[in-house]
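Colleague: Here are the chains, one letter per residue:
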Amino acid sequence: MISMTKPRVWESFFWPTIAAALLLAVWHYSVVFSGTRVFPSPMSVRAGVSELLQQNVLWADIGDSLRRVAVGFCAAILIGIPLGLWLGWSAAANQVVNPTLQILRPISPIAWIPVSIIFFGVGDRAAIFLVFLASVFPIVQACVSGVSSVSPVLRSAGRNFGLSTSQLLRRVIFPAALPQILVGVRIALGIAWLVVVAAEMIAVDSGLGYLVIDSRNSGKRYDLVVAAMLMIGIIGLILDFSIRRVERIKSVRWGFRNAS
Amino acid sequence: MASAEIVAEAAGTASKLRIQHLGKVFERDGEAVSALEDINFDVSAGEFICIVGPSGCGKSTLLNVLAGFLSSTSGSVTIDGEAVSGPDPRRIMVFQERGVFPWLTVEGNIAFGLSKLPRAEREERVAHYVQTVRLQGFENAYPSDLSGGMKQRLQVARALAVNPDILYLDEPFGALDSITRVIMRGELLRIWQSERRTILFVTHDIDEAVQLADRVVVLSSRPARIKDILTIDIPHPRNISSPRYLQLRDELLKQIGLAYEI
Amino acid sequence: MKLPFWLRPVLFIAVLLAVWQVAIDRHPGQLLPAPTGVALGILDLIRHGLLLKYVVASLFRVTWGFGLAALTAIPLGLMLGWYRRGEMAFYPLVQVFRPISPLAWIPIAILWFGVGDLAAIFLIFVGCFFPLLLTAMSAVHNIPAVYINAGRNFGLSSSAFVSRVLYPAVVPQLLTGLRITLGIAWLVVVAAEMIAVSSGLGFLIVDARNAGNRYDLVVAGMVMIGVIGLLLDLVMRSLERVRSFHWSTSEG
Numbered sequence: 042m043i044s045m046t047k048p049r050v051w052e053s054f055f056w057p058t059i060a061a062a063l064l065l066a067v068w069h070y071s072v073v074f075s076g077t078r079v080f081p082s083p084m085s086v087r088a089g090v091s092e093l094l095q096q097n098v099l100w101a102d103i104g105d106s107l108r109r110v111a112v113g114f115c116a117a118i119l120i121g122i123p124l125g126l127w128l129g130w131s132a133a134a135n136q137v138v139n140p141t142l143q144i145l146r147p148i149s150p151i152a153w154i155p156v157s158i159i160f161f162g163v164g165d166r167a168a169i170f171l172v173f174l175a176s177v178f179p180i181v182q183a184c185v186s187g188v189s190s191v192s193p194v195l196r197s198a199g200r201n202f203g204l205s206t207s208q209l210l211r212r213v214i215f216p217a218a219l220p221q222i223l224v225g226v227r228i229a230l231g232i233a234w235l236v237v238v239a240a241e242m243i244a245v246d247s248g249l250g251y252l253v254i255d256s257r258n259s260g261k262r263y264d265l266v267v268a269a270m271l272m273i274g275i276i277g278l279i280l281d282f283s284i285r286r287v288e289r290i291k292s293v294r295w296g297f298r299n300a301s
Numbered sequence: 033m034a035s036a037e038i039v040a041e042a043a044g045t046a047s048k049l050r051i052q053h054l055g056k057v058f059e060r061d062g063e064a065v066s067a068l069e070d071i072n073f074d075v076s077a078g079e080f081i082c083i084v085g086p087s088g089c090g091k092s093t094l095l096n097v098l099a100g101f102l103s104s105t106s107g108s109v110t111i112d113g114e115a116v117s118g119p120d121p122r123r124i125m126v127f128q129e130r131g132v133f134p135w136l137t138v139e140g141n142i143a144f145g146l147s148k149l150p151r152a153e154r155e156e157r158v159a160h161y162v163q164t165v166r167l168q169g170f171e172n173a174y175p176s177d178l179s180g181g182m183k184q185r186l187q188v189a190r191a192l193a194v195n196p197d198i199l200y201l202d203e204p205f206g207a208l209d210s211i212t213r214v215i216m217r218g219e220l221l222r223i224w225q226s227e228r229r230t231i232l233f234v235t236h237d238i239d240e241a242v243q244l245a246d247r248v249v250v251l252s253s254r255p256a257r258i259k260d261i262l263t264i265d266i267p268h269p270r271n272i273s274s275p276r277y278l279q280l281r282d283e284l285l286k287q288i289g290l291a292y293e294i
Numbered sequence: 089m090k091l092p093f094w095l096r097p098v099l100f101i102a103v104l105l106a107v108w109q110v111a112i113d114r115h116p117g118q119l120l121p122a123p124t125g126v127a128l129g130i131l132d133l134i135r136h137g138l139l140l141k142y143v144v145a146s147l148f149r150v151t152w153g154f155g156l157a158a159l160t161a162i163p164l165g166l167m168l169g170w171y172r173r174g175e176m177a178f179y180p181l182v183q184v185f186r187p188i189s190p191l192a193w194i195p196i197a198i199l200w201f202g203v204g205d206l207a208a209i210f211l212i213f214v215g216c217f218f219p220l221l222l223t224a225m226s227a228v229h230n231i232p233a234v235y236i237n238a239g240r241n242f243g244l245s246s247s248a249f250v251s252r253v254l255y256p257a258v259v260p261q262l263l264t265g266l267r268i269t270l271g272i273a274w275l276v277v278v279a280a281e282m283i284a285v286s287s288g289l290g291f292l293i294v295d296a297r298n299a300g301n302r303y304d305l306v307v308a309g310m311v312m313i314g315v316i317g318l319l320l321d322l323v324m325r326s327l328e329r330v331r332s333f334h335w336s337t338s339e340g
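Residue numbers (this note's numbering), protein chains in the order written: chain A, 42 to 301; chain B, 33 to 294; chain C, 89 to 340.
If you're looking for bench data, these hints aren't it; they were derived computationally from the structure.
Fair warning: there could be bad hints in the mix.
[What the hints assert, rightly or not] Chain B is faced by these chain C residues, among others (derived, beta-carbon under 7 Å):
no.: 1; residue: P232
no.: 2; residue: V234
no.: 3; residue: N237
no.: 4; residue: A238
no.: 5; residue: N241
no.: 6; residue: F242
no.: 7; residue: G243
no.: 8; residue: P256
Every residue, glycine too, gets a C-beta built ideally from N, C-alpha and C.
Here chain A stands alone, though its shape is the one from the complex (with noise of 0.2 Å):
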C-alpha cells in the first residue's frame, strides 16, 4: 500500500545480498585505499573469527556473556514482574515507591560499578548485579503501565464473573497487560546486552566484552576487536529475535495486531 509496486519474494533476498556487499566492498577498499595497518578488512575478520573459533576461547567467553546476562535477567523478571504488577494495582503503593523508582531508573548501570564491586568484588557476582540493575527498571516500568492501562470494563467483566483478587490478577490483569510486558522485557534484554559488555570491559576479565577490550590491549589485534563486536552483535539480533518468536505466540499477539 505505502509506495510502488509491491516487491516480489526474489527481492527480499537481492536488495539485502546487494547492500552487504556494497558495504564489505566500501570496508575493504577503504582499508586498501588508506593504507592503514590497524584496521582490519573484511577478510583478516573473517580470519580473526576462525582463529578465535579455534582456541575455544570463543565458546568460553559467549558462555560467560550468557550465564551473567542469563542469571541477571531472570532475578530482574522474578523480582521485576511482581513488584509492577503490585504497583499496577495498586495506585497507593505505586503513589508512595515510584519517586524512589524514578530517582534510581537514570542512573546508568555502569555507574554502580565501583560500588557493586565494593558489594561483590571482582568477578561474576558484580557483572550479575549490574545486569540486574540495568534490566529490573525498564521491567517494573512496562508492568506498572500495561496493568493501569487494562480497561476498566476487563476489569469489571472479570469482577462480574466472581473472580477474587488474586485471580482477577492471574486470570484478567496478567494477561491483559501482557503484550506491554513483553515489550518492557524485550527492552530490558537489550539493555542487559548492551550492559553486560560494558561490565565485562570493566570489571571481569572474561566474557565478549573483556575479549574486546584485552585484544586490544594486548597487541592491537584490531581484527580479533571486530570479529568480537560481529559476534557480540550477532548474539543480540538472536536474542531479541527468540524474544520475538514469544511475541508472536497467539495468545500474547492480540496486544500486537490491536495496536496500531
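Model the placement of chains B and C on the given structure of chain A, informed by the hints.
Modeller: For chains B and C alone, kept in the frame of chain A given last:
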C-alpha cells in the same frame, strides 16, 4: 425523436461518472481473488447514489477504485470523459473512521486542502464550512475533543471546502449510534440540496439507502456484481412510513437476500 | 492516619535514607558512605567547581552525539520506511549493528578519534543511531492508511505530503523513540567517560574510586547522574505532552 434525445443524454451531456466493465482482482498469497466483476453504471451530475451489499462484498473496494486509491484490473472509470488515474482533489473521499487528522484543529482540518488560496479567502471558506456543518464554537478544538458525529461532519466540511464535484462516502456513519446516524442523514441531505454535488455513498444500512438515494446500486456477495439498480422515486423530505417507502425497502431487503420478517 | 498525598513518597525516601544512615553508622570503617557523607561530597564538588564542569562536559557530549544521530537517523529511517526496497536492503544490516554495545566500539573510537571528546561523541552517536533508525522506520509503517489516503486525495505535492501528513503522523512515535534513546545516550556517556576520556561524571566516578577510594564522591557522582537523567526524561516527556504532538494517545 424521443429515443434520440435519450441516447444523446446517455452519451455525454449529463453523465458525470461512467463505469464500464469494471473488474478488480487481488493477489493474495499468490492466489488471485476476484473482488469486482463486470460493474457497469452511469451517474449523472448532482445525483445521490447509494451502493449497498452484504458486508465484505467489495463495496469499499469499488469506491476505492472510483476514487483512484486502487487501480482496476479491467474495464474503465471515466469522469467527464477523462479516465481516473489516481486520487484527485476534484473528488474527495470521506472515510468511516479516523479520517480527520488528529494533529490539526477543526480549522486546520478544513483548511487542509486550501493551502494554495490567499489567506483571506481561505479563512472565509473555512468559516463558511464551519457554519455549514454546524461546528461553530469548536474552531480551535482538536479531534480528540469531538464526538464521533462531529468528526464525521468535520470530514464532510474538509471535503466540501476544496469544492469537489464528487463526494465519495465510505460508510461514513457506520461507527455512529443510531440516533446520531439519523441526524447525520438529515444534515447530509440538507448540505447536498444546498451544494448540489454528486454523491456516491457506500452503506450496509438498507434504511439509510432508501432515505438518502436517488438510485440504489445493489451488489451481490463476493465477487461483487450488480444485482439491480433501484430508483427511489419519493421526493424529499421522505415519509419513512409511507407505503411506497416500505415497498422499496422490502424490495431492497429481498434483493440483498433477507426475509423481511424477523 | 491520613497523610497528605505528597508526603508519603517523601517519607518513604526518608525512611530509606535513615536505614542507610543507621546501617553505615553501625559498621564504622566501611568504604560505602552514609547519606550525610554523600551530601558533604556533593558540597565538596560544588566548592571546587568540579560539579558544574563535569556536568557541562557530559551534557556537551550527549548533546552532540544525540543531536547528530537524530539529524541523520530520522530522515534516513523515514525514507527507508517509505521505500519498501530500501528497507529490505538495509534492515538485516541494521539488525546486526544495533545489538553491538556502543561500548564495544570503544577500541575503534579511540583508534579513529584518539582519547577525547570526539571518541565519546562517536560512541553516543553509535548508541543512538540504530535505535532511532528503527523507530523512524516503524513509525512510517504504523501510519494508518486512512491518513495517507486522505492526504493523497487533496493532491499535495510530495514535499507538501511529507511536511503536512507524513511528518505530523510520525511525530508522537518519534518523540517516544527520542526519549528512550536519550536515556541510552545518558547511559553510554557515563560508560564512555569511565574508559575513554578524563572529564565528565563517568570520569568523576572512576577517578574518585581510583584516587584514594573516595566513595563519598563516587555516590555523589551517581546521585548527580540520576538527577540529570531524570531531568532529561522529564523534558522529553513534557515535549510529548504538547497538544498537536500527543494526538496518538488520545486518538487511540
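Colleague: Run every hint past the structure and note whether it holds.
Modeller: Against the structure, the hints:
Interface restraint check: P232/C against chain B, minimum CB-CB distance 6 Å, threshold 7 Å, status holds. Restraint check, V234/C versus chain B: the minimum CB separation of about 5 Å is within 7 Å; hint holds. The restraint placing N237/C at the interface with chain B holds, with a minimum CB-CB distance near 5 Å, inside the 7 Å limit. Against a cut-off of 7 Å between C-beta atoms, the interface hint on A238/C holds, since the closest Cβ of chain B lies about 6 Å away.
For N241/C, the interface hint holds, the least distance from its beta-carbon to any beta-carbon of chain B being 5 Å, beneath 7 Å. Because the smallest distance between the Cβ of F242/C and any Cβ of chain B comes to about 4 Å, under 7 Å, the interface hint for this residue holds. Checking G243/C against chain B by beta carbon gives a least distance of about 4 Å; that is within 7 Å, so the hint holds. At a threshold of 7 Å, the smallest CB-CB gap from P256/C to chain B is about 4 Å, leaving the interface hint in force.
Of the numbered hints given earlier, the model fails none.
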